[in-house]
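Protein sequence lines correspond, in order, to chains A and B.
Quick note: the first sequence uses the working numbering, first residue 1, plus one each step.
Quick note: the second sequence uses the working numbering, first residue 1001, plus one each step.
It is possible that some hints are incorrect.
Not everything, but these chain A residues come out facing chain B in the computed CB check (under 7 Å) [stated by the list, open to error]: (1) 13; (2) 47; (3) 50; (4) 57; (5) 58; (6) 85; (7) 123.
Just so you have them, the derived chain A footprint on chain B, three or more residues with Cβ under 8 Å [what the hints assert, rightly or not]: (8) 1022–1032; (9) 1035–1048; (10) 1085–1092; (11) 1098–1109.
Please keep in mind that the hints were generated in silico from the structure rather than gathered at the bench.
Quantities reported herein were computed from a predicted structural model and do not represent experimental measurements.
Here a beta-carbon is modelled for each residue, glycine too, at the ideal position from N, C-alpha and C.
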Amino acid sequence: MAEKMRSPLGTAYGLGSAREGAKDWWSMRLSSLALIPLTVWFVVSVIGNIGADYETFAAWVGSPVPAILLVITIAVTFHHAAHGLQVVIEDYVHVEWQKLTLLIAVKFGCVLLAVAGIFAVARIAFGS
Amino acid sequence: MPIANRPLSPHLQVYRLPLTALMSISHRGTGIALSAGTLYLVWQLLAAASGPDAYEIFQRFAGSWLGLLVLLGWSASLFYHLLNGIRHLVWDAGYGFSIEATTKANRLILIATVALTVVAWVAGIASWRS
Chain A
1 MAEKMRSPLG TAYGLGSARE GAKDWWSMRL SSLALIPLTV WFVVSVIGNI
51 GADYETFAAW VGSPVPAILL VITIAVTFHH AAHGLQVVIE DYVHVEWQKL
101 TLLIAVKFGC VLLAVAGIFA VARIAFGS
Chain B
1001 MPIANRPLSP HLQVYRLPLT ALMSISHRGT GIALSAGTLY LVWQLLAAAS
1051 GPDAYEIFQR FAGSWLGLLV LLGWSASLFY HLLNGIRHLV WDAGYGFSIE
1101 ATTKANRLIL IATVALTVVA WVAGIASWRS
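In isolation and in its complexed conformation, chain A is listed as follows (with noise of 0.2 Å):
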């Protein structure tokens, strides 16, 4: 860049790049990636399954390749879910108590969401 983007004061104050954020954008991306896929997998199935009784949708949940995709589809939304939380909370809240707090809430709510939902389509795969 030709021009200096920073303030004088933010010169002196030194906090810049903490050359990690390739790596979470690149995180970001990928599961985006990811998500195009089985967005489109989730959706159509969503609708095959409209109506269904219990015995039909556990019996659907537990075949192979809906447990499979399943499975994956959770991982990688919660992952996608936290990462985009996360920069919302970043950018909106600047109490640094409270962004803490937030940024913690999440990244724990979207963990054991991911388990709850991945331990519920392995008990139905493998039974109880």
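Using the hints provided, position chain B relative to the given structure of chain A.
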């Protein structure tokens, strides 16, 4: 460089957001809505893992007006976020930054969101009846 020369953000109270900006903030809005919507999916899976009784409670909610309304918002948000997300990937690849391309993509995304939502619901209702 004096601070006055730096680019300024628009003042949100007095600045009418163009469609592109509204669609940008909607991407975040639908993303947050979809994050909340994952609770619904996890509920369905946990209910199915727990047994027929728990699943029936889920189904009763899913078939209610509130359940259908949640599903409508959820499906429209999903299609919007999917399509606008693809646009973001195209931007990340370095294409489509001109005003004409952006305006065209805005329209395409909005029309396709409505179209996909309608098609999904027609297909869903058809598969429900059969």
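**Report entry** Hints violated by the structure (listed by number, smallest first)
**Finding:** Result: hints 1 and 11 break, sorted rising.
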